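Student: Each chain, letter by letter, is given below.
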Amino acid sequence: MEHREPAVHLDRGFWAVTFALAIVAALSVFAWVVAPISGWLPEAANKAQQIDALFRFLAASGTALFVFVVGYLLYFAIAFRRRANDPPDALGVQIHDNNALEFWWTLIPTIFLVILVVFSIKIWAGIELGPNTGLTVEAIGHQWYFTFRYPQINGEVTNAMHLPVGQPVTLRLTSADVIHSFWVPGMRMKADMVPGLINTLHFTPRRVGRYQIICAEFCGTLHGEMDKQWFVVDPPVKYAAWYDAWQKKNSTASNALPVQSNARVAFGAGDAKIGQQLFSQKCTACHALGPFSQRIVGPGLLGVLHDPAHPNLVNGDKATRENVAEILQNGYKGDMGQMPNQTANALSNTDIANLVAYLDTLK
Amino acid sequence: MRAAVAADQFYQETRDLRVTGFLLFMVSDLVLFSSFIFAYLYLRNTGQGWPPPGAPHLNLALAALNSVALFGSGATIHFALENWKHEKFMKFAGWMLATIMLGIMFLSGQGIEYYSLYTVDHASWAGSGVFGASFFTLTGMHGLHVFAGIIYLTVLLLQAAQGKYTFKYYTGLTLGTLYWHFVDVIWVVLFSIFYLI
Amino acid sequence: MAVTAPQPGGIADHIHPEPQGFIRKYVFSIDHKIIGIQYIVTSFVFMILGGLLAELIRIQLMNANGGFMTPDTYNEVYTIHGSTMVWLVIVPMVTGGFGNFVFPLQIGARDVAFPWLNMVSFWMFPPAGLLLYASFLVGAPVAGWTEYPPVSLQGGPGTSMWCVAIFLVGVGTTLTGINFLVTALKMRAPGMTFTRMPLFVWAQFATAPLVMIATTALAAALAALFMERQFGVPFYDPTKGGSPLLWQHMFWFYSHPAVYIMILPVFGIISEIFPTFARKPIFGYKMIAFSSISIALLGFMVWAHHMFTSGLAPFLQLPFMIMTMVIAIPTGIKVFSWLATLWGGKIQYTTAMLFAIAFIATFTLGGISGVFLAAIPFDLWAHGTYFIVAHIHYVLVGGSLTGIFAGMFYWYPKMTGRFMNETLGRWTFWLFVIGLNGTFVPMHWLGLMGMPRRVAEYDPQFQTINQVESLFSFVMTLAILLFFVNALWSIRHGKRAGHNPWHARTLEWQIPSPPPYYNFKHIPTVLANPYAFDEPVPYAGLEDELTDSPAPIPAGAY
Ligand code: HEA
Ligand code: HEA
Ligand code: CUA
Ligand SMILES: [Cu+2]
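Chains as they are written, first to last, in the numbering used here: chain A, 3 to 365; chain B, 95 to 291; chain C, 9 to 566.
Please note that the accuracy of each hint is not assured.
[Claimed, not checked] If you anchor each label on the Cβ, the simulated ranges turn out as follows:
#: 1; chain 1: A; residue 1: Ile110; chain 2: C; residue 2: Leu479; range: 35 to 43 Å
#: 2; chain 1: A; residue 1: Asn87; chain 2: C; residue 2: Phe492; range: 31 to 39 Å
#: 3; chain 1: C; residue 1: Leu479; chain 2: A; residue 2: Thr160; range: 36 to 44 Å
#: 4; chain 1: B; residue 1: Lys185; chain 2: C; residue 2: Pro520; range: 53 to 61 Å
[Stated by the list, open to error] To give an idea of the chain B side of the interface with chain C (calculated C-beta under 8 Å), a few residues:
#: 5; residue: Gly115
#: 6; residue: Leu118
#: 7; residue: Val125
#: 8; residue: Gly223
[To be verified] 35 Å max Cα-Cα, derived DSBU-like pairs, lysine-lysine:
#: 9; chain 1: A; residue 1: Lys335; chain 2: C; residue 2: Lys248
#: 10; chain 1: C; residue 1: Lys194; chain 2: B; residue 2: Lys182
#: 11; chain 1: C; residue 1: Lys529; chain 2: B; residue 2: Lys258
#: 12; chain 1: A; residue 1: Lys124; chain 2: A; residue 2: Lys230
If you are wondering where the hints come from, they were derived from the structure by calculation, not from laboratory data. Every value quoted in this text rests on a predicted model; they were computed, and no experiment measured them. Heads up, the beta-carbon is just placed ideally off N, CA and C, and yes, glycines get one too.
Next up, chain A with everything else stripped away, as it sits in the complex (with noise of 0.2 Å):
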């Protein structure tokens, strides 16, 4: 069927519209550029100011794309409503299809996205792909609060995480029932506490001061209830001050994380069941509960300290608890790669006794 489409024809309102949204458009991405985010919301780490920037080019973007599609709207809902004097079924102009339209309005979108796709990945390497360097602390979700662990501090810090400004940060989260998640609003970023699942967020704080932490996954009844914990950065001096204090305070317990110690692990106060936790915290990346030969990516540790067939560790020492807690305190490198040292894999020495308790029961 032979179809002519009648001619479009752009009046001068459309034009006079078109250049009206225009500026409104440019107004609103201006208002974004300029927007005081971080007046509204302080950047506690240097992360914060790349997503801010991120957001700024989304947020004027669009608003601008919002402007055309909800100024062309009213503006054609008004102009091209039917008249008291038109006759009551009135058609409209009869056209089908415009490819040149089309096309165009596949291709504007298109640019726009890749545009926004490559801004994002470069924000994103930084944030995703950080190396684990700088100063490394623990963070814990617990039903319904969060616990911290820090080189060298004994036992676990309870009330709010305090970082030195300007200082590289790894920060390493799990959780010991459900899943929470750690946001610092402030930071904008978050990362998910996942039960048997180690996430890492890396970043420099930046500014001084007092920020909210806060869980931003349900995590049960009193999910709501946790965010009164705080996110705190000071200057080195007054960090230095806290760091030592807690230690002092603490010196009793002996579960902190050390930093390249090589003193004695005590045995004593191993507990399987602890150690069984954490194992499934931090070694199943790496190990399967199986025997020797069935590699993840270091041996299968069914068998370490029971297996006759298995009476040497991979760096030849024999198979005692002491050889096994050694290389949990020095790694070891050797054929299938490196297996990570205590600080690496940010264990205590009583991490390490409770572990090797749990690795003599597997037989």
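Fit chains B and C with the ligands to the given chain A structure using the hints.
Tutor: For chains B and C with the ligands alone, coordinates are given in the frame of chain A:
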């Protein structure tokens, strides 16, 4: 004559609808299996290695025998339908019976395996960890499909004997065959992922 | 597969004897129109319940320290609110409801392919809903409509009832999907080629495979959760070797496509209303049809965008981010085509058209915030906060629900033979739009500034904004109440509408209102795509259908 043409057309179109609907039903059933297979492979690759501690030892020989029975039944049901198309009722019934017997053999084999897992390895559905969860759920689901299939085919055979289908109009039989082949194919996948890799 | 349309005289032309008796006619009916109306009515009943729960949420949140409900009750309330709205309102309404009523009529069929199966699908739905609400008696689920384990493993016994209930609705919708897909492939009237199908048919055709495939995956996830809770079979519990992330993958593999199940049919509704009231062909017919299919396909490849913070391997995150953004392109094609349909029209402002126009604005806002969320670094900020709540309500309330209201005002005359009251309709419209935006716009801000979702109490700095939102939500409730009053009142007292009051051109309008149980006396032949308004209606063989006088002039009719 006209009536016959109309009946033919009516039959063709109903057949068309039913076969399409049945195929789509099998697609969703396939997704159900795929989801559990995905779960199994996911757990296998992210958990504490595989097989996890305490996982029972599977009996490859028995399962292989079982597979032969099931694949054989794929062939027999094919012969059954072919014979129906060639209007040989007795042969059809014979092959159908063979299919049903093979299906029963398969189920018995599976029963033996379950029983030995239960008595020797003390493996149970809930008690043998993620292995048991995947293994018993998937093979159990498949077993239920086989069981349903046996009943289905028996009903078809009885109906055929009573003359519900003619050599010209037999959509029900086609669907039964499709179903049985489907159950067969699922088993190929399950057998490979549990016993071979 | 060669798709052939049925010929007259075949099964499509077969008229079943009319059912007799109240039960066979209206309760266990196999007539797609009755089943469609059953779905619509049941969904609206559940919407009242789900909406009342929403108002309980809003009452609780008027005070930063909560106090109206205990935290546990609050958790139950929003969990059932979300579950109801998704599974008992929007999904059944747009597939089972509008799909059943309109789509067989639009393809010129006497019924769906498997009418009896259709009845079975429907009857899985009300018991499932009752089961879900019965869970309040034993301690309803608390972990949100997403029920992430391990916390959902701790929830009350109601969580297992939730599993069963959702499983049941799921089976019902899956069967509907199969039924519709066969219907769309095999039952179209002669001459209705793919390029002549109305766009609502295209939308259902794109949705059916989504329903059929995704819902089954959900069934598997639910079955596993149920088994783990009731029998201790470990799938998700990390202390037993399971993986909590496994649930998230399986759940979102369903639930992301599900959001398109909830929006694609609504796109179809809008694509019918716009040409009818702009008195213009839909602009870019082929691209709108094509974009429905591509959204449906892409919808399967983006599920992990709900899991950016959960510890997904970094290089898995990127493809999901990119695919998610790609969906903006086909959706944009639709939005722009609708705008172009308005251009040069002679727009008639019925309430249906008002809702359809509002849909464009509110849905676009929700879609744009969706693209924000797709950008991973921004999602790290906004995930798990009220920003998400804002996004979902803009797409679901501003999108799906607004479109449903448009569709109700549009097809009500076909269902009942009478108009809904237009004056009341206008009140509904304005109150709804004001309430909607007042309730949900501020949530974007709240989320970014630090208010997490699913909390029974929150930081006092947010209290004023929350109170404002609650007030606006009451306005929205009033609007919806007016809608119900209108719908009930008009069954008896609405103006009579005749068979085609809007002078629409799709097939359902060419037969009496409400249509006879067999729909068409003779299956018509379709000659062209329905949207060329300057040509005669493109159907042959409809001469005997109408016994009433020629269509009334629309002016003054509404
Ligand atoms: C289509 C889906 C849909 C719809 C329509 C709505 C509608 C509404 N929703 Fe909901 N909502 C969800 C889907 C939906 N929601 C989902 C999926 C979640 C996530 C849940 C989760 O986190 O797990 C959620 C969560 C959610 C929250 C966040 C809870 C939290 O995280 O703590 C809030 C808070 O304000 C909210 C509010 C509202 C309001 C005010 C409405 C209003 O629009 C409601 C309007 C009122 C009505 C629809 C009823 C009106 C009628 C009457 C009262 C009349 C009575 C009449 C007669 C008797 C004839 N919703
Ligand atoms: C009808 C339902 C619906 C629809 C249609 C959508 C559509 C989209 N959604 Fe949404 N979404 C939900 C319902 C829906 N969503 C729900 C219920 C949740 C939360 C679940 C929960 O956790 O409880 C959610 C959560 C959610 C998340 C996860 C957030 C998180 O929890 O961290 C993300 C992230 O990517 C996302 C993205 C998108 C995108 C990109 C679209 C796109 O499809 C939108 C495309 C549309 C447009 C973009 C607008 C029109 C286009 C133009 C005008 C063209 C030009 C535009 C551009 C070039 C940008 N959604
Ligand atoms: Cu912890 Cu929410
Ligand atoms: Cu999604």
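Student: Do C:Leu479 and A:Thr160 keep their Cβ atoms within the hinted range of 36 to 44 Å?
Tutor: holds (40 Å)
Student: Go ahead and decide if the range 31 to 39 Å is satisfied by the Cβ distance of A:Asn87 to C:Phe492.
Tutor: Given about 37 Å between the Cβ atoms, the range holds.
Student: Quick check on B:Leu118 please, does its C-beta sit within 8 Å of some C-beta on chain C?
Tutor: The hint holds - B:Leu118 has a Cβ within 8 Å of chain C, the shortest such distance being about 5 Å.
Student: Is the hint on B:Val125 kept, meaning its closest Cβ partner in chain C is under 8 Å away?
Tutor: With Cβ-Cβ at 4 Å, under 8 Å, it holds.
Student: Verify the proposed pairing of A:Lys335 with C:Lys248, using a straight-line Cα cut of 35 Å.
Tutor: holds (30 Å)
Student: Under the criterion that the straight-line Cα-Cα distance not exceed 35 Å, is the pair A:Lys124, A:Lys230 satisfied?
Tutor: holds (33 Å)
Student: C:Lys194 and B:Lys182: Cα distance at most 35 Å?
Tutor: Given that 35 Å is the threshold and the Cα spacing comes to 32 Å, the pair holds.
Student: Is it true that A:Ile110 and C:Leu479 lie within 35 to 43 Å of each other by Cβ?
Tutor: holds (40 Å)
Student: In this structure, is the beta-carbon distance linking B:Lys185 and C:Pro520 contained in 53 to 61 Å?
Tutor: With Cβ atoms ~55 Å apart, the hint holds.
Student: Would you settle whether the hint for B:Gly223 is holds or violated, based on the nearest Cβ-Cβ distance to chain C being less than 8 Å?
Tutor: Check passed: Cβ of B:Gly223 comes within 5 Å of chain C, closer than 8 Å.
Student: Next item in the hint list is B:Gly115. Is there a CB on chain C closer than 8 Å to its CB?
Tutor: holds (5 Å)
Student: So if I understand the rule, the pair passes when the alpha-carbon distance is 35 Å or less; does C:Lys529 with B:Lys258 pass?
Tutor: Holds, because 32 Å separates the two Cα atoms, which is no more than 35 Å.
When the structure is compared with the earlier hints, no violation turns up for any of them.
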